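Peer 1: Sequences and hints are given; from them, build the entire structure.
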Amino acid sequence: MKVRGTTRSLAKGEAMIDTRPKYKSQLEFVQIADFERSADFTKAVEGVGAIIHTASPLNYAATDNEKELVLPAIRGVRALLEAAAAHPDIRRIVITSSFASVLNASRNAPPFFTYTGDDWNPITYEESIDNSAPAFIAYRGSKKFAELEAWTFVKEKSLF
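Numbering (UniProt numbering), first residue to last: 1 to 160.
Keep in mind that the hints were calculated from the coordinates and are not lab data.
There may be inaccurate statements among the hints.
As the list claims (entries may be wrong) - Think about it this way: if two alpha-carbon atoms lie no more than 16 Å apart in a straight line, the pair counts; the simulated EDC-like pairs of lysine to aspartate or glutamate are: (1) 67 <-> 89; (2) 43 <-> 118; (3) 67 <-> 34; (4) 43 <-> 82; (5) 43 <-> 28; (6) 155 <-> 82; (7) 67 <-> 127; (8) 67 <-> 130; (9) 24 <-> 14; (10) 12 <-> 28; (11) 157 <-> 34; (12) 67 <-> 126; (13) 2 <-> 28; (14) 2 <-> 34.
In this text the structure is predicted, and so the values were computed from the model without any measurement.
Peer 2: The structure is reproduced here in structure tokens:
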């Protein structure tokens with residue numbers, strides 16, 4: 001099996017490969033200039049059978065929650081899914097989410113509470129982009145709205 005990763009910096013990708021010389025022939029990186037543009041993912045998704053999406057911006061020093069955290073997460077998921085939709089050989093996509101997308105801190109859930117696909121954190125879009133809110137609130141909103149975007153995309157396109 002071969003793995004193709006994406007990175008903003010090929011030097012960082014090469015550094016990762018250098019720390020894993022045993023897997024050098026099985027690991028490659030493609031540089032992505034803009035994670036919010038589907039065209040930038042074209043090379044990364046060509047010839048792959050599956051995708052695992054793990055990235056989401058988190059910057060505790062963000063000054064514009066919407067611009068730096070929320071929109072990049074939503075647009076990044078959509079861009080990757082749009083690029084993948086153009087390649088019928090892609091059979092599976094895994095999008096790692098976060099407990100941040102479902103955590104309701106005021107719920108006082110009992111021990112062993114089971115979360116389901118119907119559970120979402122109660123943060124509104126407006127709350128997540130409020131620049132007076134801490135970055136972790138924006139991050140929780142970004143994870144929720146990015147995952148909702150993925151579900152909407154898949155349902156609309158009947159893909160994957």
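Peer 1: Hints first: check each against the structure and report whether it holds.
Peer 2: Outcome of the hint check:
1. 67 <-> 89: Since the Cα atoms of residue 67 and residue 89 sit roughly 33 Å apart, the hinted pair is violated (cutoff 16 Å).
2. 43 <-> 118: violated, 35 Å
3. 67 <-> 34: Holds, at about 14 Å.
4. 43 <-> 82: Since the Cα atoms of residue 43 and residue 82 sit roughly 13 Å apart, the hinted pair holds (cutoff 16 Å).
5. 43 <-> 28: holds, 12 Å
6. 155 <-> 82: holds, 13 Å
7. 67 <-> 127: The given pair, whose Cα atoms are some 14 Å apart, holds under the 16 Å limit.
8. 67 <-> 130: holds, 11 Å
9. 24 <-> 14: Roughly 9 Å separates the two Cα atoms, so the pair holds.
10. 12 <-> 28: Roughly 11 Å separates the two Cα atoms, so the pair holds.
11. 157 <-> 34: violated, 23 Å
12. 67 <-> 126: holds, 13 Å
13. 2 <-> 28: holds, 8 Å
14. 2 <-> 34: Violated: residue 2 and residue 34 sit about 24 Å apart, past 16 Å.
Hint check: violations occur at hints 1, 2, 11, 14; the rest are consistent with the structure.
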